[in-house]
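Novice: Next come the chains, spelled out residue by residue.
2 protein chains.
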Amino acid sequence: MDHRLKKLSIILATIALFCTITFTAAYAADPLPSWNDGKTKSAIVNFVTEVTKVKGPSFVPQAERIATFDNDGTLWLEQPMYVQMAFTLDRVRVLAPLHPEWKEIEPYKSIIAGDLSAVLAGGTKEQFELVMATHAGMTPAEFEEIGKQWLGATEDARFKRRYTQLTYQPMLELLAYLRDNGFKTYMVTGGGIEFVRAFCEKCYGIPPEQIIGSSIKTKFDLPDGKATLLRLPEIDFIADRDGKPEAINRIIGRRPIAAFGNSDGDLQMLQWTDAGPRPHFCLYVHHTDAVREYAYDRTSKIGRLDKGLDEAAKHGWTVVDMKNDWKTIFPPSTK
Amino acid sequence: MDHRLKKLSIILATIALFCTITFTAAYAADPLPSWNDGKTKSAIVNFVTEVTKVKGPSFVPQAERIATFDNDGTLWLEQPMYVQMAFTLDRVRVLAPLHPEWKEIEPYKSIIAGDLSAVLAGGTKEQFELVMATHAGMTPAEFEEIGKQWLGATEDARFKRRYTQLTYQPMLELLAYLRDNGFKTYMVTGGGIEFVRAFCEKCYGIPPEQIIGSSIKTKFDLPDGKATLLRLPEIDFIADRDGKPEAINRIIGRRPIAAFGNSDGDLQMLQWTDAGPRPHFCLYVHHTDAVREYAYDRTSKIGRLDKGLDEAAKHGWTVVDMKNDWKTIFPPSTK
Numbered sequence: 052m053d054h055r056l057k058k059l060s061i062i063l064a065t066i067a068l069f070c071t072i073t074f075t076a077a078y079a080a081d082p083l084p085s086w087n088d089g090k091t092k093s094a095i096v097n098f099v100t101e102v103t104k105v106k107g108p109s110f111v112p113q114a115e116r117i118a119t120f121d122n123d124g125t126l127w128l129e130q131p132m133y134v135q136m137a138f139t140l141d142r143v144r145v146l147a148p149l150h151p152e153w154k155e156i157e158p159y160k161s162i163i164a165g166d167l168s169a170v171l172a173g174g175t176k177e178q179f180e181l182v183m184a185t186h187a188g189m190t191p192a193e194f195e196e197i198g199k200q201w202l203g204a205t206e207d208a209r210f211k212r213r214y215t216q217l218t219y220q221p222m223l224e225l226l227a228y229l230r231d232n233g234f235k236t237y238m239v240t241g242g243g244i245e246f247v248r249a250f251c252e253k254c255y256g257i258p259p260e261q262i263i264g265s266s267i268k269t270k271f272d273l274p275d276g277k278a279t280l281l282r283l284p285e286i287d288f289i290a291d292r293d294g295k296p297e298a299i300n301r302i303i304g305r306r307p308i309a310a311f312g313n314s315d316g317d318l319q320m321l322q323w324t325d326a327g328p329r330p331h332f333c334l335y336v337h338h339t340d341a342v343r344e345y346a347y348d349r350t351s352k353i354g355r356l357d358k359g360l361d362e363a364a365k366h367g368w369t370v371v372d373m374k375n376d377w378k379t380i381f382p383p384s385t386k
Numbered sequence: 052m053d054h055r056l057k058k059l060s061i062i063l064a065t066i067a068l069f070c071t072i073t074f075t076a077a078y079a080a081d082p083l084p085s086w087n088d089g090k091t092k093s094a095i096v097n098f099v100t101e102v103t104k105v106k107g108p109s110f111v112p113q114a115e116r117i118a119t120f121d122n123d124g125t126l127w128l129e130q131p132m133y134v135q136m137a138f139t140l141d142r143v144r145v146l147a148p149l150h151p152e153w154k155e156i157e158p159y160k161s162i163i164a165g166d167l168s169a170v171l172a173g174g175t176k177e178q179f180e181l182v183m184a185t186h187a188g189m190t191p192a193e194f195e196e197i198g199k200q201w202l203g204a205t206e207d208a209r210f211k212r213r214y215t216q217l218t219y220q221p222m223l224e225l226l227a228y229l230r231d232n233g234f235k236t237y238m239v240t241g242g243g244i245e246f247v248r249a250f251c252e253k254c255y256g257i258p259p260e261q262i263i264g265s266s267i268k269t270k271f272d273l274p275d276g277k278a279t280l281l282r283l284p285e286i287d288f289i290a291d292r293d294g295k296p297e298a299i300n301r302i303i304g305r306r307p308i309a310a311f312g313n314s315d316g317d318l319q320m321l322q323w324t325d326a327g328p329r330p331h332f333c334l335y336v337h338h339t340d341a342v343r344e345y346a347y348d349r350t351s352k353i354g355r356l357d358k359g360l361d362e363a364a365k366h367g368w369t370v371v372d373m374k375n376d377w378k379t380i381f382p383p384s385t386k
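Sequence lines, in order, name chains F and V. The first sequence maps to residues 52 to 386 in our numbering. The second sequence maps to residues 52 to 386 in our numbering.
In case anyone wonders, no lab produced these hints; they're calculated from the structure. Check before you lean on any hint, since a few could be wrong.
Which copy is meant is left open, so a pair is good if it fits within one copy or across any two.
Computed cross-link-like contacts, DSS-like style, restricted to lysine-lysine with a CA-CA straight-line distance of at most 25 Å [unchecked claim]:
1) Lys90 - Lys104
2) Lys211 - Lys277
3) Lys270 - Lys358
4) Lys235 - Lys106
5) Lys154 - Lys106
6) Lys106 - Lys176
7) Lys270 - Lys365
8) Lys106 - Lys253
9) Lys211 - Lys104
10) Lys176 - Lys270
11) Lys211 - Lys199
12) Lys277 - Lys365
Please put together the full structure from these sequences, using the hints given.
Specialist: Spelled out as structure tokens, the structure:
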């Protein structure tokens, strides 16, 4: 009896699978509707088609289909300043009453007075110090909640939208398309990992355990016998430039077969992917649309794409021309 | 037509699912055949049953079902020395001809002469220095290959088996049982991450991207224009004690609901799990079987379980009595 029941269930499951496949193949809609037809879209579709073709010469087993995405400028906007920097500056203003000494110390003094020019012109080191002064002293869960609250309450000045509504619709489609084809999608961002966790799964469908980012140290403690982690004002790791392939190797332990970035900070991740033994795909988002978003590359202070453009041309990587390749930039507004 | 086809496939899939569920429920074999019946086995099965019961009071959504496992002494044997230490000592002997200076320097001199007592009696710091001297200077892929070769060629002196055959059969069943119930199983080991990657997926079904371990630094470089990572003789992170919850928080970003260890080095991981807001489960493997494996706890140099035993009693964690709870220790030999 049990044997016949098992056999029946296998037969029925096979029939159901066959019907589903037939239906899907015959009636599937374009998976990338916000991408204009052309060589960029074709390059993406051809790559995915080839690596998923069982018994094809470029087939890659599902477990090896790792795709890594930068965030700022690749999945959401990064101008006129990184979203996390806008958050950081707001945190300085919120925390100012607890730090009366800040009134006399730069860059806090200027930020509190509403003058952001000095801090935005400053170097990465100064900016990291600000991040640490404002992102430490609480548990990871408390920090994530602060990030969520801020993202829910803050709008970009130009687009009058929350930042979580300023993701790139074509890239959201690309993420889903890759996952539908058995890829595991990872974020690899220079941004702070716990700030990114406040929105990453909801915005991109990327779960917390598939986010690699910069981090500050935490300290394990047992106040009142209950285990906690406290965020310390001390840099742990910066997942930018060389740090991207280093972290990918340490944390994922597989080399990506597809990598997506938009700046010279992503170059090493693309080079690492490009040097892999399997078929692979490297793509740069080139910001060419000053009307619908921003246009910037070789000389931009934020998201500079200079050496990366030359390397892309040299190695035949795909470069998205945002203005011509993307039908829409942002998702439909949910306001 | 398409609509009817879709409807048909849904109906057939539902029937197949129903048959499969009926079959599974009625005829499923014991998922933990190497565990003796008793309170340990019941505690495991009850926990898994409760957190997977949809609409039950202890239900935990699948995405949150994270289980973390220590390796040495929890999933495979760790006596009379950590397997990675045996590997390290062999590496010293293999590399000795390239390092004539070692003949005059301790602990290399003694190791080369076959006297391991000093190094095994030494502290963690000395042992890490040995690891770094022997594990650096190559790419991660080259190192993993060296590890694989060694594991394939080396036998444990007492059991006359390769180390990959000295995993614990009851724990292999537990890993599979958890995964069958929607858990994502992670390894969180103080061992070197790339040594563990040489066997982890094959032995335990845990893929590289679900391994957290200790690491040495790597350096990104572009010799001849081709991206490479080179392993440096420099500690990056030690995933032991406080380092376990810290790394879990940074890399997984979710708190485990089940944690498995065997020593005081795993205590903080269990405490972190135990302090979580969801239903959770903490388990210690207690080595009580000197005949079939080893018996050690409070005073052992390797895998000491002292404070952990007290904490387990205090918090009601499950403690495996290896001698009485496990029908078999190791998997059937494949020799």
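Novice: Is the C-alpha distance from Lys176 to Lys270 at most 25 Å within one copy, between copies, in both cases, or in neither?
Specialist: both (23 Å within a copy, 21 Å between copies)
Novice: Is the C-alpha distance from Lys90 to Lys104 at most 25 Å within one copy, between copies, in both cases, or in neither?
Specialist: within (21 Å within a copy, 49 Å between copies)
Novice: Evaluate Lys211 and Lys277 at a C-alpha cut-off of 25 Å and name the case that applies: within, between, both or neither.
Specialist: neither (43 Å within a copy, 44 Å between copies)
Novice: Between the shortest in-copy and the shortest cross-copy C-alpha distance, which are at most 25 Å for Lys277 and Lys365: within, between, both, or neither?
Specialist: For Lys277 and Lys365, the Cα distance is within 25 Å only across copies (13 Å; inside one copy 55 Å).
Novice: Measure nothing new, just compare the shortest in-copy and cross-copy C-alpha distances for Lys211 and Lys104 to 25 Å and report within, between, both or neither.
Specialist: neither (44 Å within a copy, 44 Å between copies)
Novice: How do Lys211 and Lys199 come out at 25 Å by Cα distance, when the copy is not named: within, between, both, or neither?
Specialist: within (18 Å within a copy, 56 Å between copies)
Novice: My question is about Lys106 and Lys253: at a cut-off of 25 Å on alpha-carbon distance, are they close within one copy, between copies, both, or neither?
Specialist: Between. Shortest inter-copy distance 24 Å satisfies the 25 Å Cα cut-off; intra-copy 36 Å does not.
Novice: Can you give me the call for Lys270 and Lys358, within, between, both or neither, at a CA distance of at most 25 Å?
Specialist: Between copies, since 20 Å is at most 25 Å while 39 Å is not.
Novice: Treating 25 Å as the Cα threshold, decide for Lys270 and Lys365: within, between, both or neither.
Specialist: Between copies only: 24 Å across, 45 Å inside.
Novice: Go through the copies and call it for Lys154 and Lys106: within, between, both or neither, with a Cα cutoff of 25 Å.
Specialist: neither (67 Å within a copy, 53 Å between copies)
Novice: Up to 25 Å between alpha-carbons, please classify Lys106 paired with Lys176: within, between, both or neither.
Specialist: neither (50 Å within a copy, 50 Å between copies)
Novice: Since the copies are identical, ignore which copy is meant and state whether Lys235 and Lys106 lie within 25 Å (CA to CA) inside a copy, between copies, both or neither.
Specialist: For Lys235 and Lys106, the Cα distance is within 25 Å only inside one copy (21 Å; across copies 30 Å).
Consistency note: the structure conflicts with the earlier hints numbered 2, 5, 6 and 9.
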